[in-house]
Structure formats: structure tokens, C-alpha cells
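Protein chains in written order, with numbering that gives the first Met the number 0: chain A, 0 to 840; chain B, 0 to 129; chain C, 0 to 337; chain D, 0 to 136.
Because the hints were derived from the structure by calculation, they are not lab data.
Fair warning: there could be bad hints in the mix.
Just the calculated beta-carbon pair ranges, DEER-fashion [stated by the list, open to error]:
| # | chain 1 | residue 1 | chain 2 | residue 2 | range |
| --- | --- | --- | --- | --- | --- |
| 1 | B | Leu61 | A | Gly165 | 21 to 31 Å |
| 2 | C | Gly48 | D | Arg43 | 38 to 48 Å |
| 3 | D | Leu88 | C | Asp322 | 18 to 28 Å |
| 4 | D | Thr130 | A | Gly165 | 53 to 63 Å |
Quick partial rundown of chain D residues pointing at chain C, CB under 7 Å, derived from the structure [as the list claims (entries may be wrong)]:
| # | residue |
| --- | --- |
| 5 | Arg34 |
| 6 | Gly69 |
| 7 | Ile105 |
| 8 | Ser109 |
| 9 | Thr117 |
With the C-beta cut set under 8 Å, the calculated list includes, among others, these residues of chain A facing chain B [what the hints assert, rightly or not]:
| # | residue |
| --- | --- |
| 10 | Thr77 |
| 11 | Leu203 |
| 12 | Val302 |
| 13 | Met334 |
All C-beta atoms, glycine included, are put in the ideal place defined by N, C-alpha and C.
Listed below, chain by chain, are the residues.
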Amino acid sequence: MTSVEEARAYEPPPPPPSPPKLASVWAQPKGWRQLTEVNNTFIGVLYVGTGLMFLVLGGILALMIRWHLAQPGGTLLTAEQYNQVFTLHGTTMMFLFAVPIMEASSVWLMPLQLGARDLPFPRVSAYGFWCYLFGGLMAYSSIFFWVAPDSGWFLYPPLSTEYSPGINNDFWLLGIGFIEISAIAQVVEVVVGIMKTRAVGMSLDRLPIYSWYVLVTALMIGFAFPPLILGDILMEIERAVDWPFFDAARGGDPILWQHLFWFFGHPEVYIIFLPAAGLVSTILPTFVQRPLVGYTWVVLAAVATGFLSFGLWVHHMFTTGLPHLSLSFFSAASMAVAIPSGIQVFCWIATIWTGRPILKVPFLYVLGFLFIFVAGGLTGVMVAAVPFDWQAHDSYFVVAHLHYVLIGGMVFPLFAALVYYLPLASGRMPNETLGRWGFWLTFIGFNVTFFPMHILGLKGMPRRVYDYPAEMGWNELNLIASLGAAMLAVGIVVFFTDLCWSWFRGPKAKRNPWNAGTLEWATALPSPDTGFRSIPEITGHYPIWDDPTLPEKIDRGRFYMPDSPHGDRETLRTGTVDARPEQILVLPKPTWLPLLAAVATTVCFGVAIFKLYWTSLAAGLVGLAFILIWMWRSEVRSPDEARDIGLGVRVPTYSVGPRSHAWWAMVLLVVMDSTAYGGLVFAYLFIWTVSESWPPAGIEATLDGGLALVTAALILASSLPAAFLGNADRHRRRHLIALLLAAMLALGIAGGWMSLALLWDSGLDPKRHAYTALVWMMVLFPLVHLGIGAVMAAFTLVKAWVDPPRYRWSHAARNTGLWWQWSVAQMLFSLAVIVFYPDLA
Amino acid sequence: MANPLAADNPISIVLAPIVWSVYFLFVYVLNSVACTKGFVGLTLFGFGIVPATVVIATLVTLAIMVWLAGLAWSRFAPVRDTDDHVHSADPELARLARRRFMALAGLLQAGLHILATLYVGLPALLVPEC
Amino acid sequence: MRTRALGAVLVKGGLVGGLAGCGGTQSALDPRGPAAATIADFSWILFAGAAVIFIGTMALAAYGVLLPDRTKGVPPIRFILWGGLVFPGVTLLVLTVATAMVGNAVDFRTHPEEPLRVTVVGNMFWWEVVYPDLPGGPLVTANELRIPVGRPVEVTVTTRDVIHSFWVPALHGKMDLIPGRMNRITLIASEPAILRGQCAEFCGEQHAWMALFVVALDPAEFDGWIARQQAVPEPPDPADEQLVRGRTAFLEAGCGTCHVIRGLAEGPYAAVGQLGPDLTHVGSRLSIGAGVLPNGVGPLAAWIAGVQDIKSGARMPSYSTLDGETLTALARYLESLK
Amino acid sequence: MGRGPLRIAATAVLGLSGCVALAACGDGNAVQGNREVAGGEAARGKAILTANTHGCGGCHTIPGIPNAHGTVGPPLHGMALRGYVAGRLPNDPGNLVRWISGPQEIDPRSAMPDTGITTAEAAHVAAYLYTLRDIPK
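Modelling step: build the complete structure from the supplied sequences, incorporating the hints.
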């Protein structure tokens with residue numbers, strides 16, 4: 000590696016203008032049509048900005064809480080209003096700020112760091128963003144009418160079901176449930192992007208460290224959110240049509256919700272923390288001017304955290320009276336997860352040791368993060384110890400702990416990144432003086448606010464109380480915390496002032512102003528819509544430190560794809576492990592479809608809050624239509640076409656099967672869906688464990704085994720043609736595929752009909768008992784999947800009939816086959832469980 | 000997917016955590032069902048059925064982890080000193096560095112999850128089941 | 000026990016001082032029973048350990064920041080191996096075992112002495128307390144749990160509506176009250192004391208005002224209290240017109256639809272309701288409204304006339320339609336039920 | 000408005016401007032009569048009200064006392080300025096203490112019960128109430 004000092008001495012010349020064709024295909028549309036832009040540079044900035052807006056909105060709620068609690072007998076809010084405010088504060092910060100802004104950061108930054116021009120599914124990013132913006136505003140707006148959710152951000156039944164008849168919690172279930180779907184969309188985008196669209200030579204062991212973190216996080220979202228979405232669906236069904244999943248009086252169990260919620264809720268903490276740790280691992284080396292020490296160790300730590308954090312969920316349920324040994328298992332996993340955190344902290348400290356720290360504002364935030372996060376991690380180990388948790392649980396100690404971990408572990412790195420990447424996004428430098436004031440006010444204000452809460456909790460103050468007696472010895476600490484909150488707020492205002500002022504008025508930044516080594520700093524400033532002028536070949540973790548002339552070489556088009564000779568937006572698809580060039584991905588141009596589909600989706604969920612189900616259904620169909628049009632316009636490439644990407648390499652523009660990004664997207668979707676289905680099976684088994692007998696006493700109706708067998712046979716038969724779809728596709732047998740799809744649909748519809756008949760004839764009333772409700776869900780869930788598969792199959796057939804010359808059997812047929820087989824597997828498993836399991840148990 | 004144990008298959012990085020996840024789920028479900036369905040009182044080799052099974056499961060898991068660690072070590076040892084090649088333009092040297100990365104990651108995963116398995120298994124000897 | 004001594008010094012030294020006044024302590028750092036004491040000791044060890052680790056880690060970071068670019072002697076990988084993997088690995092292994100042992104030490108289910116059994120039923124937003132198997136028959140009271148010092152008390156907790164959590168920090172940790180489930184926690188008080196507890200799981204509008212007092216009494220005093228509580232209250236002295244009027248008002252205002260007063264079970268307005276707290280000996284309790292007001296004639300009158308104002312969302316309406324004389328009489332009558 | 004630090008600051012500012020106004024207009028707005036309670040200490044009165052031993056805050060909204068925002072009885076803002084106590088007794092220290100300690104003697108039809116407060120305590124409470132001069136507009 001060239002010494003860092005040499006690299007610093009070298010300043011690349013200003014970039015020559017891009018070739019006109021390349022510049023024009025990536026140019027943003029003007030005026031209102033700018034809303035049609037799907038490029039990550041545009042969407043990413045809006046996305047991050049929206050996240051920051053929700054930080055401010057959530058912060059205002061936090062200030063209301065602290066003002067109200069500054070003294071006992073606060074009169075700013077009524078009890079009812081306080082409960083809405085704290086619920087919406089938690090909901091906003093978790094679902095509308097922390098998770099989305101981390102996804103936003105990765106949508107904006109990932110392509111630059113990977114050396115791609117854009118992520119593989121720009122329209123999905125755009126759709127996800129618009130859904131988030133509209134859904135978030137919808138959920139948040141409830142507070143303006145004092146109908147915000149008021150059962151806590153965790154929404155425990157029966158308080159959130161039987162005892163909350165108003166529409167408050169529907170805002171949560173439908174608003175947040177909807178945003179979770181957009182989170183899932185970004186998972187597909189980011190995972191496939193990291194696996195498939197990297198600079199040449201960026202093999203797995205040279206992946207930028209932030210990408211590892213984002214990859215792990217995205218997969219965690221993929222496993223953690225679906226069970227919560229399932230839980231949302233079950234709860235909304237219980238609220239809307241009275242199927243008693245969580246109603247103890249009818250055999251349900253409120254604890255079931257807690258399992259589903261915390262199976263999401265604990266990994267959630269790491270979903271928020273890991274990308275932030277990735278930002279720290281990216282920023283810190285720049286400010287010590289040395290590579291990160293222990294790259295492999297940090298990767299290990301991120302991956303291990305991803306797994307271990309799924310073994311923690313019950314530590315939110317230590318006081319629910321679960322068996323002692325079960326608590327111990329989760330206590331042990333909660334301790335184990337501290338080790339990867341320790342490894343990361345020591346890697347960061349070791350990196351600081353090897354270099355010469357430059358105490359600029361981003362690095363101050365990194366140091367502030369280390370201080371607060373280590374403290375929060377240590378209290379985290381304390382609450383992992385079961386007996387201590389019995390005291391600390393649901394007290395202000397936990398409020399202190401979680402804010403140390405989340406603000407320290409996520410907001411500080413985020414602020415570091417906002418300052419650090421300001422030049423890359425705006426081309427201007429932040430103001431050092433304002434930045435320092437902002438940092439110290441934020442850092443001291445934070446500790447003054449939250450440190451006293453540790454003591455408050457141990458002195459017996461529970462969480463989520465709108466008031467407290469004056470004689471408990473809590474007054475002074477509460478007042479201190481409130482004054483600290485004011486200071487923290489001032490710090491954040493100063494921070495944002497710096498950010499906004501510098502964005503428009505800061506001094507122009509020179510290229511690579513922090514002298515960083517990672518690839519994103521090789522672009523011109525601000526980073527152009529085009530991304531890289533040519534897609535580089537790299538040989539290490541810090542390409543610019545390896546070769547300080549790299550930016551210049553990129554500017555001069557010395558690498559791959561220096562122009563856009565066919566007038567398409569393109570990026571390079573490379574091999575997952577070795578990152579050799581494999582294919583040109585032709586990307587979509589600006590389109591209204593994602594925005595229109597998001598509007599329709601918003602209406603679909605929004606009117607459902609007010610129980611206007613027919614309007615909701617209509618809006619849903621309109622949204623589906625937009626998405627089908629969007630799909631219709633995809634797939635225009637010929638499998639036979641190959642293009643020259645420069646340096647004497649020719650690659651195809653199309654691929655199918657496991658090499659293609661579309662196949663991976665479908666596989667990811669199926670994997671994520673399987674955790675939702677897994678959650679449903681868990682729910683069924685869980686209700687079995689809490690029932691005295693099985694089927695539960697008093698339920699005489701039974702499912703007809705013969706009818707079930709016929710259903711299973713039909714459904715299974717329908718998967719046969721689906722299995723041959725890929726093979727027929729390989730041989731381009733168009734008519735055979737049409738025949739297979741038709742057979743699949745016919746058998747599937749017959750089987751689906753029979754499964755409904757099975758339920759109908761059984762006489763099992765879903766409102767009667769949690770068991771009967773779950774039997775219905777076990778069948779309805781795969782049935783809805785088969786229905787989606789039928790839409791996909793019909794789409795494939797119609798497209799073939801209407802548009803045969805341009806249409807090649809490919810993604811649509813294969814993905815339909817994949818989806819169908821997965822749905823069939825679900826249905827068979829469901830039938831086996833509901834029909835035969837009662838006998839076995 | 001090709002052979003998950005192959006040296007250049009990235010799956011090798013996550014084998015240990017996958018084994019741990021299966022183990023964890025097994026002991027948790029076992030204890031929950033034993034407590035709710037009332038067979039916690041049964042004995043196996045003179046021990047309660049739950050602690051005995053947990054101990055066996057822990058030992059089996061540890062054996063798999065140790066084996067994975069050994070496999071990773073056998074791959075890591077020959078290329079221990081090739082870390083610098085991560086910055087090499089030569090594809091062959093770069094491949095060595097990649098092997099080193101995967102072997103080391105696999106080794107550390109196995110080591111870390113040996114600890115995690117011990118943490119989970121130990122309390123079974125100390126804590127009452129229900 | 001040395002750690003507790005240290006803790007006591009810190010508490011008295013004012014670091015965490017300012018103990019609660021008349022309401023009784025609610026601090027986990029001021030234990031009045033063996034379980035809370037063991038947990039407090041454990042907590043002090045955890046704090047001390049965490050403080051040492053925190054200061055050590057910050058010192059390492061500060062060394063790196065303040066003394067830059069030296070060859071600091073330790074090869075980074077070995078530094079990470081020992082600092083990030085081996086040290087926490089061993090520390091946490093010890094902590095896992097310690098956690099298990101402390102957990103066992105505060106688990107009094109296998110205590111040799113026969114426990115006193117009590118059932119606590121959560122309601123939005125008050126506590127029903129039942130002594131189901133006393134020699135003189137079951138006893139029902141509310142928002143107050145009186146227990147004998149030294150004897151284990153097995154508290155069975157459940158709920159009539161939403162999830163609540165039973166938490167008396169000076170005695171033990173929390174245990175949730177969950178619909179359809181019976182959870183148990185065994186408590187021991189080590190000295191006579193008045194302790195405050197509070198619902199710890201968010202349960203709706205008045206979660207903040209769902210307090211419970213635990214009064215630990217010497218066994219003899221406890222037996223005396225039980226005997227007094229089991230007795231049916233004497234009817235008021237006919238000479239005291241105000242008390243007689245208060246009792247009549249209680250019945251005629253329909254209070255008996257929701258409340259029980261033993262001895263008033265006859266007649267068209269019988270006080271046999273099961274929706275609110277049992278008021279048989281309401282005058283003997285430390286607080287009314289589950290900790291929102293102290294007991295007394297004034298607070299009782301305020302409560303009856305202004306429940307929704309004092310504790311909005313409570314399941315009792317404000318009886319502000321009673322005329323002044325009736326209200327005062329009613330308050331005095333209830334206060335007389337000692 | 001809350002009772003937060005800003006409220007305190009606002010009160011202080013209002014109070015100051017009130018003093019200035021008083022100085023300017025002579026005694027146009029001044030308190031009539033004696034407001035000195037023999038044996039009453041406002042600070043102790045405030046402590047008694049805060050502890051809420053007699054439930055005062057359950058019925059009355061009392062400025063400066065946390066958790067005293069009852070609406071059963073009248074709010075006690077500006078007690079130092081009010082003309083009558085209980086609608087019948089001139090507002091002077093003796094009458095106020097008498098009313099607080101034994102309302103039923105003065106008016107058996109009143110909804111305000113004898114709370115068991117002692118005369119000495121009542122004097123402290125009265126002293127505190129006579130520190131209240133603000134009436135919200």
C-alpha cells in the first residue's frame with residue numbers, strides 16, 4: 000500500500016466532463032417530472048431527509064414527555080394524551096426513524112461504495128421510499144387529532160385489543176404494518192445489490208466493511224419483520240372480525256403476541272445498531288489514516304451478532320413467569336451477544352492505536368459513540384442477568400439503558416456520517432465550529448438526560464407513568480433529566496443548523512476532503528447522478544490509498560463501461576464471491592409507476608383504518624394494476640445480446656436462473672415469507688402447549704381426513720407442472736409452458752376450492768376459539784399465496800399472448816414456478832399439521 | 000448450492016451460527032414443552048429428562064463446533080501469513096487471501112459459538128427447569 | 000454482605016438518597032427482605048464490575064487518542080483476541096454461573112416453612128388482595144398486602160382485565176399478571192415495614208396510579224390484624240346521625256352495585272358488588288384509589304365526588320350529584336370502617 | 000402549560016412585572032385586610048399540602064402544589080385577594096383557619112368535610128394560601 004501521507008499529497012485533477020450520452024441517460028428529469036426519478040442519488044437524499052424529519056417529529060414528542068415529567072403533577076398533558084405521546088414517540092423513533100434512515104443511508108451510499116451506478120431494482124427503492132413517506136405521515140398525523148396509538152409501541156393485548164375499541168391502535172397496525180412491507184422491499188434491493196453489483200475485483204474479502212454490516216442487517220430484517228407482520232395481521236383480524244388469537248377467555252394467549260413481537264423486537268435493536276457500527280468502521284479509519292485493524296474479526300462480529308441476536312427475544316419477557324431454565328437460555332444468549340460487541344470495540348480501539356487521530360467533528364461523534372455505547376452495553380449485560388432484570392425491567396433503568404444503546408449506538412454514528420458525507424452529497428464542507436458546539440451540547444445533554452434515569456429506575460420509578468408521587472425522592476432526578484433534554488435539544492438544533500447552512504453555503508470541498516481510502520470518495524463532488532464515470536477494478540479494502548491516482552483513472556474512463564453507447568442506464572453485475580464481470584444490468588429509466596403504486600397502497604391501508612374495506616380493496620387493486628404495468632415493462636432484453644464493456648470484455652445483457660438478480664430477489668422473498676409462515680406454525684404449536692387437551696375441550700367439530708387427502712393430492716399435483724417450468728423455459732418451449740401454467744392453475748384452483756370446502760364442512764367457527772381461528776389461518780395463509788401465484792401465472796400467460804416477439808420465457812415463468820412450489824409446500828404442511836397433529840398430540 | 004463445506008464456499012462462515020441456532024431452538028422448545036405438558040419429572044440415566052437431554056445436546060453441539068473449528072484451522076494454518084495478498088492484483092494471490100479470510104472467519108465463528116453454547120448449556124446443571 | 004454495607008453508605012451519603020416519605024420505600028437499593036437484599040448485593044457487584052470495565056476501556060481509547068502514533072507495544076490482533084474475546088468470554092462465563100446461582104438463591108419455592116398463600120388480582124387500576132386459606136375463612140381486601148415478618152408468602156398473581164405487573168422493589172423483582180395464567184412469586188420480609196409497590200407493566204390510562212402497599216407486621220400483630228379484618232364491622236352508633244346517614248347514603252346511592260361491605264348484604268341495596276374494591280374495612284387502609292390519595296375523611300369525600308378528576312379513566316364515576324351533607328356523611332361513614 | 004422550569008420562569012417574570020405594576024399604581028390592586036396568620040409558616044403549609052395527608056388537592060386546584068388539581072371544590076388561586084371564605088365569612092386569617100380546620104361547624108350542609116386537620120396545621124396551610132396572589136386570566 001502506498002503510504003497514507005503520499006496519498007494525501009496527491010490531489011486528482013478536476014474531472015473532465017462525462018460523455019454527453021452517459022450524462023444524458025442519467026440526467027434527472029426537470030420540474031414535476033423529477034418525482035419520477037428512481038436513481039438512488041435522488042431517492043437516497045430524499046429518503047435520508049425524511050428519516051431526519053421523523054427524528055425531529057419524534058424528538059418533539061420526547062421533549063413533551065420530559066417537560067411533562069419535570070415535576071410531579073405535570074399538567075402539560077392529560078393521562079390519555081401522555082399515553083399517546085409516549086407510544087408515538089417510541090413508534091416514530093423505532094419504525095419511522097431508526098430503521099428507515101439506516102436503509103436510506105444504505106440506498107444512498109451503497110452503490111457509491113460498491114462501485115455501481117445504481118442498485119439493481121431502482122423502482123423498488125423508489126416505491127419503498129414513497130410508501131415510507133406516506134405511511135409514516137399517515138401514522139404520525141394521528142397525534143394531531145389525539146387519536147394516536149396509546150397502548151405502548153409494543154401493543155400488548157388485551158390492552159391493545161379488547162380494551163382499546165377506538166381506531167388509535169389501527170393507526171399502528173395498518174400504518175406501521177405498511178411501512179414494514181416497504182422495509183422488506185429494501186431488503187431485497189440491498190441484499191441483491193451487495194451480492195451482485197460490485198466493482199470488478201471487489202471479492203467477498205474485499206467488500207467494504209459497511210457493506211458487510213448492511214448485508215447482515217438486511218438479512219436480519221428479512222427474518223425479523225415477517226413474524227411481526229404476521230402478528231400485526233393476526234391482531235388486526237382479532238380487532239376487526241373477532242378471531243380470538245390473543246384472547247385468553249377463548250383459548251388464545253396474550254403471551255403469543257409477546258413472542259411474535261419480541262422475536263422481531265430484539266433483533267430490531269441490532270438492526271438499528273449494526274449499520275451504525277458499519278458507519279463507525281468506515282469513518283474511524285479515515286480519521287486515524289490507517290486501515291481498520293481486524294477486518295475479518297469485525298466481519299465475524301457482525302455476522303455472529305446477526306445470529307445470536309435472535310436468541311435474545313425472551314429477555315423482554317423475563318417477568319412473564321416462563322420456566323426458569325428457559326429464562327437461563329435467553330440470559331446466556333444475551334451474554335454471548337456481548338462478545339462480538341466487545342470484539343468490535345477492541346478493533347476500533349486498536350485502529351485508533353495504530354494511527355494519528357484527527358479530532359474533526361465526525362471523529363468526535365465516533366468517540367462520543369464509543370463512550371455512550373460501551374456504557375449502554377455494560378448495562379445491557381446487567382439486564383441480561385435474570386435476577387437483576389426482575390428489578391430493572393420496565394423501570395427507568397431500562398429507559399436509560401435503551402437510550403444509551405440506541406442514541407449512543409445509532410444516533411451518534413449517524414451524526415458522524417451526516418457530517419462526514421456532507422461533502423459527498425452537497426460538494427460543500429461542514430462548519431467545524433458549529434459542529435463542535437453541536438457535538439458537546441448533544442453529548443453532555445444526552446448524559447445529563449439519561450444517566451439519572453439509571454438511578455431513578457433502581458429507586459423504583461416504573462416506565463410509562465404520566466405522573467409520580469411527590470414524596471418518592473424522584474423529583475430532583477426528573478428535573479435534571481428534563482433540563483438535560485433541553486440541552487440535548489439545543490445541541491441537535493445546532494447540529495442541524497450546521498448541516499443545513501453548510502449544505503447550501505459551506506465552502507466548496509476539494510475532492511476526497513477527508514483523505515479517505517474507500518471507493519465512494521473517488522467520485523467527483525458532489526457525487527454525480529452517473530455515479531462513476533467508469534466502473535473501476537480494485538485490489539483491496541482501501542482502493543484510493545492503494546492507488547491515489549484511481550480517481551483520475553476513473554475520470555478518464557480507463558475502466559469498464561465508460562459510456563452508454565446504447566442509451567440505457569446500465570450497471571455491471573459481477574460474481575458473488577470473486578467479483579468478475581458477468582453481465583450488464585440494464586436499469587429502468589424514470590417512471591411515475593412507483594409513486595402511483597405507493598399512493599394506491601397508502602389509500603388501501605389508510606382507508607382500512609376507518610373500516611372502509613371496499614374502498615380499500617379497490618385501491619389495492621389499482622395498486623396491483625400499477626405494479627403489473629411495471630412488471631410488464633420489464634424484461635425487454637434478448638438473451639442472445641452481448642455488449643462490450645471495455646478493456647476487451649464482452650458480457651451478455653440478460654441471465655436467468657440462479658445467476659440472475661431477479662431469481663435471487665424471488666428466493667429472498669420466499670425465505671422471508673417462510674419466517675412469517677414459521678411464525679404462524681409457531682402460533683399453532685404455542686396454543687397447543689397452553690391448552691389442556693387437543694383439540695381443546697368443547698370443540699367437537701373435526702376436519703375430514705379424506706377430504707384433506709383429496710385437497711393435498713390436487714395441490715401437490717399442481718406443483719408438478721410448476722416444477723417443469725424451468726426446464727421448459729430452458730428449451731424455449733413456449734406452448735409447453737403455456738400448457739403447464741394452465742394445468743397448474745386448474746389443479747391449484749380445484750385444490751384451493753377443496754381446502755375451503757374442508758374448512759366449511761368442518762363446522763369449525765373461527766370466532767369460537769384460538770384453535771379454530773388458527774386452523775382457518777393455517778389454510779388461508781397458503782391459499783392467499785396460491786392466489787398471488789395465480790395472478791403471476793395469469794400475467795405470464797397474458798404477456799405471452801399479447802407480446803410474444805419481445806417476450807422471452809424467463810423471470811416471470813421461473814419465478815412463478817418458484818413461488819407456486821413454495822405455496823404448495825405451505826399448504827401441504829398446513830394440512831398435515833391441522834388434520835393429523837391433533838391425533839398425534 | 001455446492002458443497003457447503005468447500006473451502007471457497009462463503010456458507011462456511013455461517014455454519015457454526017446455524018448449528019448454534021438449531022441447538023438453541025431445540026433446548027428452548029424442549030424445556031417449554033416439558034414444563035407445559037408435564038413430562039418434566041421423567042428421568043434419564045438418573046437425571047431429570049431436561050437437564051440430561053440439554054447436556055447431551057450441548058456435548059453434541061460442542062463436538063460439531065470443535066470439528067468445524069478444526070476444519071477451519073486446517074485451512075487457515077497453511078495460509079496464515081497471506082493477509083497482505085488482500086491487496087494483490089495477482090488473481091492467484093488474491094485467491095489465497097480470500098481463502099484465508101473465509102478460513103479465519105469460520106474459525107472465529109466456531110470459537111465464539113463454542114462459548115455461546117457453553118453459556119446456554121451450563122445453567123441446565125444449576126437452574127430448576129420450571 | 001460487604002457490598003450492601005457499601006451500598007448503604009452510598010444511599011445514606013446521598014448519592015441515591017432521598018428515601019420516600021410517608022408512602023413507604025419503593026427502592027430496589029433499600030431492601031427489606033432477603034430476595035431484594037441478595038439482588039441488591041448482586042447489583043452492587045455488577046455496578047462495580049461495569050465501572051471498572053468502563054473506565055478501563057475508556058482509558059485504552061483515551062491512550063490511543065491522546066498519545067498518538069507511537070508504537071504502543073501490543074500487536075493489535077493479540078490485543079483484540081485478549082481484550083475483545085478472551086476477557087469478555089471468561090467474565091461472562093463467570094457471570095452466567097453467578098446469575099444462575101443468584102436466581103436460585105432468591106427462589107423461595109422450596110423454602111422449608113409452609114408459606115402464607117395470597118392471591119393478588121389485577122384490575123384497571125387497582126389490586127384485589129385475597130387470603131384464600133385462613134383458618135377463619137377467606138379474606139378479601141384491596142390495594143394493601145399485609146404479611147407476617149419472616150414467613151414466606153406465596154403470592155399468586157392473575158388479572159381480571161389487561162396485563163399488569165406486581166412489583167414491590169424492597170422485597171423482590173417483578174411478576175406479571177397475565178390473563179388466563181396464574182403466576183407465583185414467593186416473598187419474605189425481614190423486618191416490620193411499610194413498603195410501596197406499583198404496577199410495572201403499562202396497563203392503560205391510569206397505569207401511573209396503580210400502587211400497592213405491603214405492610215410487614217410482627218406475626219402476632221399480623222394475626223391481630225387478620226382477626227380484625229375478618230370481623231364484620233359494627234353498625235354505626237344510632238346516636239351519631241351523620242354516620243347513620245352516611246351508611247344509608249352508601250346503600251341508596253347504589254355503591255353496593257360495585258362494592259362489598261360485609262354485613263350489608265341484605266335488602267334492596269345490598270353491598271355485594273364485585274366490580275370495585277371490597278370496602279368492608281376501607282377505613283383501616285393506608286391509601287385510597289390505589290395510592291392516589293392518603294386515607295381520611297377529606298380524601299374520601301374528594302374521591303367520591305371527583306374520581307374522574309383525580310384519576311381519569313378509573314372505572315368509577317364521579318358522584319358529584321350528592322348534596323354536601325350526604326357527601327360528608329358518606330365520607331365519614333367509610334372512614335369509620337376501621 | 001406545565002409546571003416545568005419554563006413555567007417557573009414565566010411565573011417569576013409575571014410576578015416581577017406585577018410588582019412593578021403595583022408600585023406604579025399605588026395600592027389600587029393591593030390586598031385588603033390582614034393576611035398575617037399567627038403561628039402559620041407558609042413553607043410548612045406547602046409541605047402539608049404536597050404530602051396531601053388530608054386530601055386537599057383531591058378537591059381543590061392549588062397553585063404550586065403538584066397533583067392538586069381537583070375540581071370538586073373551588074380552585075384556590077389568588078386566595079390572598081379573595082373577599083369571602085365559604086361564601087359567607089370575611090376572608091381573614093382567623094376565619095380561614097377556622098374554615099379549614101372545621102368546615103362542618105360553620106356550615107353542616109357544606110360538601111367539605113372535617114378532614115381531621117389540626118388547628119396548627121390549618122394555620123400553616125392558611126399561611127401558604129395567603130401567598131397565592133395570581134388569578135389566571
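Going through the hints against the structure:
no.	hint	verdict
1	B/Leu61 / A/Gly165: 21 to 31 Å	violated, 53 Å
2	C/Gly48 / D/Arg43: 38 to 48 Å	holds, 45 Å
3	D/Leu88 / C/Asp322: 18 to 28 Å	holds, 21 Å
4	D/Thr130 / A/Gly165: 53 to 63 Å	violated, 43 Å
5	Arg34	violated, 24 Å
6	Gly69	holds, 5 Å
7	Ile105	violated, 12 Å
8	Ser109	holds, 5 Å
9	Thr117	violated, 13 Å
10	Thr77	violated, 41 Å
11	Leu203	holds, 6 Å
12	Val302	holds, 6 Å
13	Met334	holds, 6 Å
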